[in-house]
Every structure is written in C-alpha cells, then in structure tokens.
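Protein chains: 4
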Amino acid sequence: MRTGRVEAFSDGVIAILITVMVLELHVPSEPTWKALTAELPVLLAYLLSFVYLGIYWNNHHHMLAAVSRVSGGVLWANLHLLFWLSLVPFVTAWMSETGFATVPTAAYGIVLLLAALAFTLLKNTLLRAQGGDSRLRTAIGRDLKGKVSPILYTVGIGLSFVAEWLGIAAYVLVALIWLVPDRRVERTLGQAAEDEDPVRSR
Amino acid sequence: MRTGRVEAFSDGVIAILITVMVLELHVPSEPTWKALTAELPVLLAYLLSFVYLGIYWNNHHHMLAAVSRVSGGVLWANLHLLFWLSLVPFVTAWMSETGFATVPTAAYGIVLLLAALAFTLLKNTLLRAQGGDSRLRTAIGRDLKGKVSPILYTVGIGLSFVAEWLGIAAYVLVALIWLVPDRRVERTLGQAAEDEDPVRSR
Amino acid sequence: MRTGRVEAFSDGVIAILITVMVLELHVPSEPTWKALTAELPVLLAYLLSFVYLGIYWNNHHHMLAAVSRVSGGVLWANLHLLFWLSLVPFVTAWMSETGFATVPTAAYGIVLLLAALAFTLLKNTLLRAQGGDSRLRTAIGRDLKGKVSPILYTVGIGLSFVAEWLGIAAYVLVALIWLVPDRRVERTLGQAAEDEDPVRSR
Amino acid sequence: MRTGRVEAFSDGVIAILITVMVLELHVPSEPTWKALTAELPVLLAYLLSFVYLGIYWNNHHHMLAAVSRVSGGVLWANLHLLFWLSLVPFVTAWMSETGFATVPTAAYGIVLLLAALAFTLLKNTLLRAQGGDSRLRTAIGRDLKGKVSPILYTVGIGLSFVAEWLGIAAYVLVALIWLVPDRRVERTLGQAAEDEDPVRSR
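The listed protein sequences correspond, in order, to chains G, W, Z and X.
Residue 50 in our numbering sits at position 50 of the first sequence, with consecutive numbering throughout.
Residue 1033 in our numbering sits at position 33 of the second sequence, with consecutive numbering throughout.
Residue 2193 in our numbering sits at position 193 of the third sequence, with consecutive numbering throughout.
Residue 3185 in our numbering sits at position 185 of the fourth sequence, with consecutive numbering throughout.
No lab work stands behind these hints, which were simulated from the structure alone.
Quick reminder that beta carbons are idealized off the backbone N, C-alpha and C, glycines included.
Be a bit skeptical, because a hint or two may be false.
[As the list claims (entries may be wrong)] Computed from the model, here is a short list of chain Z residues facing chain X with C-beta under 10 Å: (1) D2011; (2) L2023; (3) G2072; (4) L2082; (5) T2102.
When you get a sec, could you build the whole thing from the sequences and use the hints?
If you want it as structure tokens, here you go:
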C-alpha cells in the first residue's frame, strides 16, 4: 500500500483537531481588554496544544516521507496515535476551564505521554515494515528526543501534584525541545529525495 | 473517473466524523479523578465509535486501492455509506448520554447495521463496474466477515432489549472480528501493486 | 494552475459542511422511539441537505474532471459557490428547528437558488477559461437540469408562502432530478480520459 | 521535502476554519424575516471573514505553486500563519456578538495584522529556501499589496477607537484590494508551469 491515503487521512484528522479547539474558546463575556485578558490562560493552553499538534504533524510528515509503503499494522498504529491526539482538545478544555487544577493538568500530561508512546509504536511498526537498513532508520538516528520526551512527561505528571505550574513547565519544555530544528534529519531526507525517481507522486 | 477524489472526499468525511465526536465529550464538571471516571462510559462509547469509523476507513482504503476507475453509481453508493456513518456521532451521543438505555443502544446497532449494508452495496457496485474477473474480487475473496457482521448486528439489536450490555457486547465482538488482520487481502494487494505502473500517482 | 488544490479545498469544505450538520442534530431528550420520532423532521431535513451537498460534490467532481487548468477567476467563482453552500447548514437548522415555518422554508430555497446560480457562474467561468470547443462544453451539453433547477427553486420559494410542504416538495423534486444518472456525461468523460496521458496525476 | 502535504494540511485547516464559523451563526429565534435581519451584522461579519480566509487560501495557493521544495523552517512558518488564521473565527464571533464594539473590532484588526505579518514571514522563509533568482521572486514582484496591507490594518485598528465602522471600513478596503485580480502573477506562473515537467504530480 502507498502512503498517500494514510498521510491524507492523518492530515485531515490533525487539521480538524487543531481547529476544533477554537470552538472550545469561549467568546469573552464583555467587549473589554480586561474580559479578553481573563481568557488568556485558555488562549495560552490553546497555543500549547496547537504547538503540540503542530509538532506531531511535523514529525508524522517527516517520518512518512521516509517510507514508501505501509502495511495493515501501520494503519492501525496510525489510528492508535490519532486516537490519543483526538483527546488533546478534551484535556485542553478540562485543564483550562478548571484554571489549571491539579488533576486536569496531570490528565493533560497523561494524554501527551500516551500519544508519545503511540508515536514510538508507530515508528517501530514502520521500521519493522521497512527492514533493517532502511532510509527511515538513517533519518531517525538515535532518536534522543523521542526517548527523552516520555521521561519528561512522566516527570511533569508527577510535578503537577506538587505545583500545577511545574507540570506545565515540563510540558512546555518538551514542546521547546521539539521546536528546535533537527538539521541532520532534513539533510538525510533531502539527499534521499534527490536519489529517487523524480516522478514520485505527492 | 479516477478514484482520487472519491478517496479524498471519503477521507475528509470520515476524518471529520471521527473528530466531531470529541466535541460531544463534555468536560467533567469538577477537576477530580472521580468526575473523570463518571465520564468513563461516554469515553468508552467514543472509543468504540472511533474504532468502528477506523475500521470503515481501513476497509474503504483497501477496497478502493483494488480498483482504478469509478462510475457515477459508485459515487452515490459511496455517499450512501457516508450518510449512515455520519449518524454514528448522533447515536453515540444518544446512547452514552442516556447511560446506555435500551432504545438508544438498539438504535446504535441499527445505524451500524445500515452502514454495513451500505458498505456491501458499495462493494457490489464496485464489483459490477470492474467486471467479473477483477483484482477487487480476488482481494475480497469469500468476504466471511462482511457476511457475518450484519447477522451479529441484528443479534445485538435484539439482545439490547434483553440486556443493554449484551447488545454492546455483540457490537464489540464485530469490531474485534474486523480488528484481526486479514493477511490474505494485503498479500493480494501487495502483489498487484508491484505489477502496476510504478508512476501511478497517490 | 492545476486543478488539484481547488478540488482538494472544495472537497474539504463540502465534506465539513456535510458533517457539521450532524452537530446541529439534537440528541433526543428521552431514550424512547417516540422521542426519536419527534426528531424525524429534523433528520429528514438533514437527509435532504446531505443529498443536496452530495449532488453539488458530484457535479463539482464531474465538472472539474473535464478541465485541466484553472485561472484566478475560477478560484473566486469556486469560493463564491462554497459560500452559498456554507449557509446550507444554517438554513437547514433554522427550517427544521422552527418546524418548517414559512419564512425559513423560503430562506432555504433562496440559499439553494443562490448556490445554483453560483454553480452556473463557476461553469461559465470555467468554459471561458477553456476556450470554445473544449471537452467541458461537450460534457455539459445542453445542461437542461442546470437551466430548469433555478426555475423550480423560484417556484418552490413562492409555493412555500402558500403551503410550506409544497415548497419542500419542489426542493425534493430538484434533488430527484439530479439523482437520476446522466449517462451521456459519463460516457464523454470516460472516452476523454482514455485519450489522455495515462500518467496524469490524481 | 515536497510541497504536497503542506498544501494538503493548509487546505484542511483553512477549509475547516471557513466552515467552523458557520457553527457560530445562531439560528434566528423566530421564523420571520425580521429575526433574520437582526442576524444580518453577524452574517456580514461571517462574509468578511469568509472572504479573508478565501484570500489567504488563494494567496497561499499561488505562493506554494511557485515553489517545489520546502524546508523544516517553512513548515513552522506555515503553522505560525495557520495559528493566527485559526483565531479569526474567535474574533469574528466576539466582534459580531458584541455588536461591533470598540475593543473586539480592534482585536479583529490585530489578528488580521498578525496573520499578514505571518504571511510575510512565510514568504521570506520560502524565498530564502529557494535562493535569490527563483521563480517565486519573479511571481511575487514588488508585492505592493503585501506591503500596504499591514499599514492599512494598523490604521484600521486605530480608527476603530474613533468609530468602529471606520475600522471595519479599513478592513473591508484591504479585502477589496486583494480581491482585484493580479494578472501579472498568474502570467508568470502560467509560463513557468509550461516550462515544467508535465508529469509533476498534484
């Protein structure tokens, strides 16, 4: 199977999730800057989740670009990832509407942790489907970020019981780690793309 | 006509349906694990419907991958399937908000049954368009799962009048049957893909 | 410009519109068949709008399949059509929530009429961009359905002031006219597709 | 990296934003023309935002059509643009529900201004990735519209504190400037498309 429709479907789901969260944003009750400022925590929670979904879309994009065929197992590993991502708007709303209370903040981290584990599972399923010496393996490399993230999420979940803002700080830290560009991956992909059939669709 | 846009449109609709259900999830009223646990039946109903829509997307993906051209009749048979699938969020919400009451649980099964019949209709319309000895026919084979599912849905609808959880059990059983991978189909498709023009886009 | 992104964007908007309407469906207040039956007019209005958006998607699909390049004017004519279609969920909700009252029923017809005129405008913009003797012109032919529909919509709008159900009957009639397959168009398109470069993407 | 998935994801997000706004439209409380007229400001605000998102989609379409490869930086610059666009439904609802009050009208302009700056950033990121003498540079030309828009938005934001309708007038003016076709860009793109590999997918 080609990767085309898996990419298209994942793009669709992530695009919808990222915009569905806008619907959770309550219009400020009064037409004043003060009323808007009162919504600031909600807007910042939205921003964090937007960045997270953006990171997942980016990484998904990179990973799928390095493979050419997918198996039935990949389709399900992908849907599994999308399931945990689909809960992001839910925990974002819970966390921000309760004013970043302890339990919802921890729950936010748990969903992020499970999404990260689902991403690793998808990566491994893809690697198994490509064989040992694939372009994907070269592109992924040691995958330090992928290994450190679940640890930081777990720390964040624990910290949110000490002080909610420490938990959030841990989640923001993971997002920042992923935002830093990873030139090595791009170089590998860029080179591989040039070796390939220039007619390769999409 | 090529299959590209039919796939893209179906991907779009199913992707939206799968995520629109998240909007039905009510944020727990209090920031406690207990309040989250109270939402557990709703979350499990969401999970079941997510899996069902995932199965339909998967099967749709496999089926369309085995055909190269579609007719006007196929477009309508496809829209007919999407109509019944579009009612899944509606019956999911009704079933879970009423605490899995008898009638909504039966209604959930009825929508699943009608979607299954619509899928069979789409399959037959595609087969007719491809001619007798097509790759699609080989890929589908005896289609045991497709024949057994409507029977199990009907049993589930009946059982939900005896005890709601028996009905749900039947629906879960059908989902599990479809989750088991079907290696034979993938093999046929894999082989066919290799025989094909490598330049074929998407 | 290629037609690819115009098709993808239109597919996206129509797919969202068709599913956004599901969100308008209120879950019946009680878990009884009677409560579901009370929602029947709303469900039937949803069905009618679903069929209409399906017809537009179908016709859009056919029309764009017969052209290979689009101009800037086409992009705007297309957005203009999508604007009127985007009001379909709005008037559907208004019409069905007021129990098919006179003014909302007429408003529903007005939106359908404006969408039909927008479709004609898009068709003419496409024809102008393709030149006089194009494949699109052959595919469209005399376009009897396209000429009769605005008249029937206007009649329906008028009739809805006499009796709402007469107006609805007119709208249902137009839908039925479009549901009848138009084999001649498909034949022209099928033949043209075979004459074309087989490597044509999407 | 190819532009395919960036286009598909952006199409998805903009398509959802443009239709999500329909959900903000409250169904008139009574089935009368008067009740519909009362919703007119809301509908006009929706129309303005629809046109703006349409303009962004159009310009995005043109710009991406003139490049063939994207870098990691482009992906993030693109997500940055989508973030500001995703706030359009939020400020549209705030502005129209408060009857075009001062602060929300200014906030609407601020979001438009930030989206315009994000678009310029995306353009510059793309230009840097393509090298100095690219087709994109030729297509963009002096980019007068892109330079004048932020100034007009700023004027509009200021004017909305004098009289709200002056602010809105400035925003409408910018929209009109962009609606006027820009034949020069299309010519450049048209010519370039003909020089290209005709097999290039999507």
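Okay, the hints, checked on the actual structure:
1. D2011: Check passed: Cβ of D2011 of chain Z comes within 8 Å of chain X, closer than 10 Å.
2. L2023: holds, 7 Å
3. G2072: holds, 5 Å
4. L2082: holds, 8 Å
5. T2102: holds, 7 Å
Checked against the numbered hints above, the structure breaks none of them.
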